[in-house]
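S.K.: Build the full structure now, drawing on both the sequences and the hints.
Heads up: the sequence shown begins at 1 in the UniProt record's numbering, then just goes up one per residue.
Honestly, the hints are just simulated from the structure, not real lab data.
Hints may be right or wrong, so weigh each one.
[Claimed, not checked] Capping the alpha-carbon separation at 20 Å, the derived lysine to aspartate or glutamate pairs in EDC-like fashion look like this:
#1 178 / 365
#2 202 / 167
#3 40 / 227
#4 329 / 286
#5 13 / 365
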Amino acid sequence: MGRVYVIGVGMTKFDKPGTKPGDYNDWAKEAILKALKDAKVSMGEIEQAVAGFVYGDSTCGQRAIYEVGMTGIPIYNVNNNCSTGSTALYMGKQFIEGGLNDCVLVVGFEKMERGSLDAKFKDRTNPLDKHYALMTELAGFVQAPPPAQIFGNAGIEHMKKYGTKPEHFAKIAYKNHKHSVNNPYSQFRDKYTMEQILNSPKIFGPLTKLQCCPTSDGAGAAILASEKFVRSHGLEAQAIEIVAMEMATDLESTLSDRSLMKIAGYDMTKTAAERAYAKSGVTPNDVQVVELHDCFSANELVTYEALGLCPIGKAGEYIDRGDNTYGGKHVVNPSGGLISKGHPLGATGLAQCAELSWQLRGLAEARQVPDVKYALQHNLGLGGAVVVTIYRLGFPEHHRRAVGSRKTAARVVELESKL
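M.R.: What follows is the structure in C-alpha cells.
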C-alpha cells in the first residue's frame, strides 16, 4: 500500500458557541482555504473530500465545501462522536493508501450549543445506554453532566487502585491552560494557578470546571496526498508522513471487565495504540510530542497509561516528574488540548493533526517542542471509537535544506536592515 502524507493544514480559532462571527460553512471555508494555500494546491486538484461533523443536517459537508468550489467530486459526511475529525482523516488516508486517489481534502467543523453535552434525540435508544447502565450499577448516577460522570468515575477508579490524588488531575489542567497561552487558535488563553483550578466550581468527583473542556465553534482541515503527488508538486520539504493510523471500537472488556476506566475507553485506546506501534515499529519512547484527547483531565491521566507513555499505575509519578510538559519525556498537548484550546467535536481531530504537523515542520512558534522526530495523536469518541496516529517528517533531508534556506534568507534580511 502507498504512503500517505499531510501536505497542508489549516484551522480557525476556536470560540465559545454563539460568539464566533459567521456560520459553520464560513468557518470550514476559512480552514479549507488555509489548508489549500499551505499545500500550494487548488481545489481543482482535490479528487475526493471527507467532511466530519456531529451536529447538523445530513449534507452539511457539501454545503461547507461548496464555499470553495462546486467541482462535482464525491463528498462523504462522517459522524463518529468526538473522534469524528480523526475518523474523517482515517477515511481520507484509506482513499490514498488504497490507490484510489492522489489528493484528498478532509475538513471537520462544528457549531455547538452552549452548556454540557447531552443526548440530542430522546425518542430512540441512546448509543451509550449500556455504558451508562454499567456505570450506574458500579458508581451510581447523580445530577451532573453524564460525560463528566463517565470520565470522573474513571479518575476515581484510578485513585482507588493506584493512589492518584486530586492534585494530579489539577496539574494536568494547569499544564494545558499554561500551554494554551502560546496558541492563538485557543478558545482560552488564560494561565491559572493550581489553587484557582482546585477551587473552581465542582463538576463531578475530582473534576472542577477548569479541568473540563468547553463546547466550542470552529473548523480544521488537512490536505492528504500520495508520494507521487508530493514529488510531482515539489512538496517534499513540508510533507508529513502518516506512519501509522489505527482505529479501534469498544471491546467485550469495555463492559465485561466492569471497570470504570474501561467504560471511558481505556481498552479501545490501548488496542489502537498497540496496533499503531506494532505497524510502525515506533515506541512511546521515540515520541516527543503528543496531542491527546483531554476532554477531562481525568481522561488525559488515564490515557497516559493506555498509550504506554508511562507504566500502568504510574501516571501520578509521570506528572510529578514533569514528564508531560516541556523539559520532560513528552510534551503532551502543547496546543492547550481540549481543556483550553476548545472542543468543536468534528474539528478536534483535524486541529490535533494541524498542531502536530506544525510541530514537525518547526512552525509552532512559542510552543515549539525541540527536535521533534515523531508525533502521536489520540482522538476518542465514546460509544465508541478511538483513533491513534503516528506522524513524522516524510522527507527529512528536504525539510532540513528548506529550513537552512529560510534561516539564511532571514539572516540576509537582518543584515541588510542594519546597513
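S.K.: Are the hints correct? Go through all of them and say.
M.R.: Hints and how they fare:
1. 178 / 365: holds (15 Å)
2. 202 / 167: holds (14 Å)
3. 40 / 227: It holds: about 15 Å lies between the C-alpha atoms, which stays within 20 Å.
4. 329 / 286: Between residue 329 and residue 286 the Cα gap is close to 10 Å, so the pair holds against 20 Å.
5. 13 / 365: holds (16 Å)
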